[in-house]
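J.: Model the full structure from these sequences, guided by the hints.
If you read the protein sequences in the order shown, they are chains C and U. Read in numbering that gives the first Met the number 0, the first sequence has 67 at position 68, and its numbers run on one by one without any break. Read in numbering that gives the first Met the number 0, the second sequence has 54 at position 55, and its numbers run on one by one without any break.
Read the hints as simulated data drawn from the structure, not as lab findings. Since no wrong hints were added, every one of them can be taken at face value.
Have a look at the derived ranges for each label pair, beta carbon to beta carbon:
| no. | chain 1 | residue 1 | chain 2 | residue 2 | range |
| --- | --- | --- | --- | --- | --- |
| 1 | U | Lys138 | C | Ala130 | 43 to 53 angstroms |
| 2 | U | Tyr94 | C | Ser16 | 47 to 57 angstroms |
| 3 | U | Ile114 | C | Gly159 | 22 to 32 angstroms |
| 4 | U | Leu189 | C | Pro46 | 50 to 60 angstroms |
| 5 | U | Val18 | C | Leu125 | 14 to 24 angstroms |
| 6 | U | Leu189 | C | Ser65 | 43 to 53 angstroms |
| 7 | U | Leu121 | C | Ser65 | 29 to 39 angstroms |
| 8 | U | Leu121 | C | Arg155 | 33 to 43 angstroms |
If the Cβ cut is set under 10 angstroms, some of the chain U residues that face chain C in the computed set are:
| no. | residue |
| --- | --- |
| 9 | Leu194 |
| 10 | Phe199 |
| 11 | Val204 |
| 12 | Asn209 |
| 13 | Thr211 |
| 14 | Val215 |
| 15 | Thr221 |
| 16 | Gly229 |
| 17 | Val350 |
| 18 | Thr356 |
The beta carbon of each residue, even a glycine, is placed where N, CA and C say it ideally should be.
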Amino acid sequence: MSETASPSSRENLLDVSGVTVTFGGIVALDGLSFAIKPGQICGLIGPNGAGKTTMFNVVSRIYQPSSGSVVFDGKDLLSVPAHEIAHLGIARTFQNLALFPTMSLLENVMVGAHSQGKIGFVRSILRIGAARENRELRDWSGDLLTQLGLGPLMFRPAMGLPFGTLKRLEIARALAARPRFLLMDEPAAGLTHAEVDELGDTVVSIREQFDLTVLLVEHHMSMVMKISDHVVAMEFGRKISEGTPSFVQNDPKVVQAYLGVDA
Amino acid sequence: MVKVNQGSPQHWALRTLGVALIALVVVWVPTQMSTSRIGQFSDAFVLIIAAMSLNLVLGFTGQISIGHSAFFGIGGYTAAILIKDHGWSPGYTFYAAAVIAFVVGCLIALPALRIKGIYLALVTLAVAVLFPTLVKWKKLAWLTDGAKGIDSVRYDEIPVWPILGELKGRDGRAVFAYWLAFVLLVITYLVCRGLVKSRFGRSLVAIRDNETAAAVMGVNLTVTKVLVFGASAALCALAGVLSTLRTGVITPEGQYVTLLGSIVFLLIMVVGGAGTLWGPIVGGLVYVWLDNTTRGFGSESDGVIGFLFGWSDQSPATLILGLALVIIMFAAPYGLVGLIKRLWAKVVIVVPKPAGTSLPTTGH
Chain C
0 MSETASPSSR ENLLDVSGVT VTFGGIVALD GLSFAIKPGQ ICGLIGPNGA GKTTMFNVVS
60 RIYQPSSGSV VFDGKDLLSV PAHEIAHLGI ARTFQNLALF PTMSLLENVM VGAHSQGKIG
120 FVRSILRIGA ARENRELRDW SGDLLTQLGL GPLMFRPAMG LPFGTLKRLE IARALAARPR
180 FLLMDEPAAG LTHAEVDELG DTVVSIREQF DLTVLLVEHH MSMVMKISDH VVAMEFGRKI
240 SEGTPSFVQN DPKVVQAYLG VDA
Chain U
0 MVKVNQGSPQ HWALRTLGVA LIALVVVWVP TQMSTSRIGQ FSDAFVLIIA AMSLNLVLGF
60 TGQISIGHSA FFGIGGYTAA ILIKDHGWSP GYTFYAAAVI AFVVGCLIAL PALRIKGIYL
120 ALVTLAVAVL FPTLVKWKKL AWLTDGAKGI DSVRYDEIPV WPILGELKGR DGRAVFAYWL
180 AFVLLVITYL VCRGLVKSRF GRSLVAIRDN ETAAAVMGVN LTVTKVLVFG ASAALCALAG
240 VLSTLRTGVI TPEGQYVTLL GSIVFLLIMV VGGAGTLWGP IVGGLVYVWL DNTTRGFGSE
300 SDGVIGFLFG WSDQSPATLI LGLALVIIMF AAPYGLVGLI KRLWAKVVIV VPKPAGTSLP
360 TTGH
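T.: What follows is the structure, encoded as structure tokens:
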């Protein structure tokens with residue numbers, strides 16, 4: 000994958016620059032900067048505790064950085080409240096699953112489509128347009144579930160289903176918001192080997208189908224290297240390498256971070 | 000076991016049958032039963048409305064409130080003050096009470112934006128404890144009449160409703176109170192149903208299940224919590240107005256105005272089934288029935304009750320009521336509605352319409 004593969008003249012979709020996050024005295028992110036171009040799958044890698052999930056939570060507005068800026072499509076993300084993120088076209092999946100356990104799979108995905116609806120408090124009481132919107136969101140969500148192979152389970156509650164199934168439900172729920180930018184937090188964690196391969200194919204195919212830009216945080220190196228256009232490697236809250244998968248993979252600093260080889 | 004497709008003629012037939020049975024009971028009560036029985040049903044309807052309002056906040060949204068007795072009291076006092084001091088016609092006080100309680104409910108939601116669980120329970124508990132004290136406060140006596148409360152709050156004449164015709168006397172008042180309570184119960188149910196079965200309602204359950212995820216999906220936590228508290232308070236105030244109009248009296252220590260009221264609403268919601276639309280209805284009817292039945296048990300009763308409780312000077316009513324509720328919760332941990340649904344699923348299963356446009360779903 001070279002820079003010429005994607006039109007480099009286009010602006011970056013996401014621009015992270017100099018982001019610092021501290022928890023008490025611990026520096027989780029230390030002046031991190033990177034950028035993602037539209038249509039790219041960007042892999043964010045690094046050993047445990049490198050700050051990948053923290054970066055993630057900054058972009059989805061769960062953490063507020065103490066300095067730095069995050070610009071999405073020309074908009075300053077750090078001035079946008081958390082619930083507005085979905086409306087801007089950013090969706091995410093969670094590392095340790097953050098589903099709605101008492102709801103059915105279908106309802107989970109329908110909540111994912113929250114930003115696509117507009118029936119609020121007053122109109123739901125007066126039932127103006129609520130039934131119609133319910134039908135539309137229901138069909139849209141049902142289609143997504145079917146596409147991700149969860150169709151037959153759509154009326155089952157999320158509680159108690161296998162981990163791999165729920166991981167796919169996370170993806171369906173994120174897609175329901177019709178995002179432009181999808182953040183995936185370790186989607187392969189806890190999956191079997193076969194499931195990981197399937198997941199890689201799924202990510203590539205939804206990128207095509209939904210015209211997505213993807214930020215992928217992942218431990219599973221072979222999958223990241225296979226599907227990413229661009230890879231950012233982190234250690235101790237800093238960027239240590241950035242570039243094409245093959246470049247990052249062979250960067251001595253990355254090898255050292257992972258294997259702890261003493262120079 | 001029969002499988003019925005959702006929206007099929009069989010499904011509609013079943014639903015129509017259900018509605019017809021309910022309608023039969025609803026008409027049977029005021030036409031065939033004694034005045035005291037009618038009163039018990041009206042009392043149940045009042046409690047059901049209050050429990051439904053609590054259910055919105057606690058059952059669906061997962062925000063613990065033990066302060067709903069205050070909203071009930073706000074409703075009751077608004078009606079009493081407007082009718083006695085300002086000469087309002089009782090019917091209009093429902094609107095006033097709902098608006099005032101909505102505003103107060105929104106304000107009380109503000110702590111819920113910051114704190115959760117047991118801490119929120121404590122804050123709302125404080126509201127429940129504060130309300131009667133506030134009403135008794137000397138400096139508010141010009142408004143609330145202090146500890147003695149306000150009495151003779153009622154319709155001067157029983158309004159004439161088209162279908163009911165002219166109602167007269169004490170019995171007529173009971174019948175009118177019954178129908179008034181029933182109409183408000185239906186309105187409350189429809190409001191709750193509309194809220195719950197919409198995008199707004201799904202966001203409520205999402206907040207209950209996982210607040211962080213709900214926010215990421217685009218749910219505005221602040222606005223949603225404030226609105227649901229406001230709506231809940233407004234509905235609970237309707238129950239308060241209804242109760243005051245029915246009994247004609249409201250006092251700071253009155254029924255359901257104190258902390259005890261909050262506990263009763265909570266009990267009815269949990270016994271019936273929290274987070275279900277029908278839970279408060281089933282719970283309210285069962286609670287009022289149990290309460291009235293056990294109240295009749297004296298320590299001199301014959302049979303089993305006399306044998307078990309004859310040694311005591313105290314009436315065993317409360318103890319038996321408590322035991323019965325414990326047994327119900329043991330047999331139906333998800334409430335009576337949960338139990339009924341489980342049993343009903345052995346007879347009829349309603350197969351939901353598959354969702355989606357393009358591809359057919361498999362698995363049936």
